[in-house]
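Number of protein chains: 2
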Amino acid sequence: MKLSQRGEYALRALLVLGMNHGSSVVRIRDIAQQQNIPRRFLEQILNDLKSAGFVLSKRGVAGGYRLQRGPNEISLADIIRHLEGPLAPVGCVSVNYYQRCSCPDEGKCAIRSVMQEVRDAIVGVLEGVSVAHLCDRVRDLQGPVENPLDYII
Amino acid sequence: MKLSQRGEYALRALLVLGMNHGSSVVRIRDIAQQQNIPRRFLEQILNDLKSAGFVLSKRGVAGGYRLQRGPNEISLADIIRHLEGPLAPVGCVSVNYYQRCSCPDEGKCAIRSVMQEVRDAIVGVLEGVSVAHLCDRVRDLQGPVENPLDYII
DNA sequence: ACGATACTTGACTAAATAGGTCGGGATTCT
DNA sequence: AGAATCCCGACCTATTTAGTCAAGTATCGT
Chain A
1 MKLSQRGEYA LRALLVLGMN HGSSVVRIRD IAQQQNIPRR FLEQILNDLK
51 SAGFVLSKRG VAGGYRLQRG PNEISLADII RHLEGPLAPV GCVSVNYYQR
101 CSCPDEGKCA IRSVMQEVRD AIVGVLEGVS VAHLCDRVRD LQGPVENPLD
151 YII
Chain B
1 MKLSQRGEYA LRALLVLGMN HGSSVVRIRD IAQQQNIPRR FLEQILNDLK
51 SAGFVLSKRG VAGGYRLQRG PNEISLADII RHLEGPLAPV GCVSVNYYQR
101 CSCPDEGKCA IRSVMQEVRD AIVGVLEGVS VAHLCDRVRD LQGPVENPLD
151 YII
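Protein sequences appear in the order of chains A and B.
Just so we're aligned, residue 1 is where the first sequence starts under our numbering, counting upward by one.
Just so we're aligned, residue 1 is where the second sequence starts under our numbering, counting upward by one.
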């Protein structure tokens with residue numbers, strides 16, 4: 001479950017969009033500058049998030065991105081699963097990306113039973129946190145600010 | 001924290017050594033055959049585990065490997081940390097492999113605070129399980145067997 | 001002493017993944 | 001029309017993963 005750079009960028013971008021939910025759209029360039037993400041790379045990432053249904057885009061002069069669903073309907077688990085694949089440390093305990101492993105009997109595999117616990121622990125945290133929750137944490141951790149763009153993410 | 005093939009092989013090998021603790025040593029070939037691990041690759045892995053102090057080796061005709069410390073003194077966290085590096089999903093919440101990330105203020109980073117919880121959850125499980133615990137689970141999951149080599153791991 | 005058996009060491013390789021970059025096309029606003 | 005913005009696919013380089021291989025060294029039984 002090591003989060004790739006790509007994954008971290010995606011989370012940061014979605015958090016920016018979450019903080020600006022309600023206002024129209026945010027430009028790639030603004031997100032890239034504010035978060036110090038390579039612009040071209042971020043284009044690619046947002047495109048991916050778009051085809052996955054996390055965000056919407058608007059083209060043209062006043063174009064940009066915004067969240068497709070409400071911030072409280074998107075869990076970090078969903079996002080990371082889409083970006084990085086399984087949350088589980090091994091395929092044989094993954095619910096969404098199950099893959100049989102080479103051991104003779106999964107039901108009797110001790111390593112698997114531990115990994116199952118690890119998976120449950122990870123999923124427990126990530127399913128419980130939505131983009132909206134992240135936004136709350138930002139506001140909790142920093143004092144209230146006038147302009148949403150002033151929040152440091 | 002996706003466990004690599006190498007890491008899984010290492011855990012399986014250590015579990016075999018744990019189940020055979022007390023008897024003298026176990027040959028690479030036996031572990032490889034029993035666990036269906038490529039022999040040459042396993043050589044490499046055990047060598048690594050040896051220089052890390054997890055196992056001891058004996059050369060020559062009646063040679064093989066055994067655990068260096070007692071099975072209850074080796075936690076899965078230790079093993080995986082050595083093999084795969086940080087357990088934390090991002091470097092900025094890793095205790096043993098801390099690495100500063102690019103965000104302006106770690107103390108106010110909402111993503112980091114979630115990742116911190118994920119790390120704690122993972123470490124909580126893996127620190128709590130030793131090779132000895134794994135062996136217990138094997139015996140719990142399978143009925144008792146005469147020969148330690150008959151346990152399916 | 002000697003040969004068989006096992007571990008030891010270091011180099012090597014092929015394929016996949018990570019982390020980007022780039023050029024040019026399609027839309028939309030003014 | 002023209003500028004700004006997203007869209008799309010191809011491309012690139014470095015690192016990691018999953019192994020393989022050859023030759024060397026220690027140990028034991030006879």
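Be a bit skeptical, because a hint or two may be false.
Identical copies carry no separate label here, and so any pair may be met within one copy or between two of them.
As the list claims (entries may be wrong) - Calculated cross-link-like contacts (lysine-lysine; reagent style BS3-like; alpha-carbon spacing at most 30 Å):
id : residue 1 : residue 2
1  : Lys2      : Lys58
2  : Lys50     : Lys108
3  : Lys108    : Lys2
4  : Lys2      : Lys50
Worth flagging that the hints you see were computed from the coordinates, not collected in a lab.
- Item | Numbers of the earlier hints that this structure fails to satisfy, in rising order | Of the numbered hints, just 1 does not hold.
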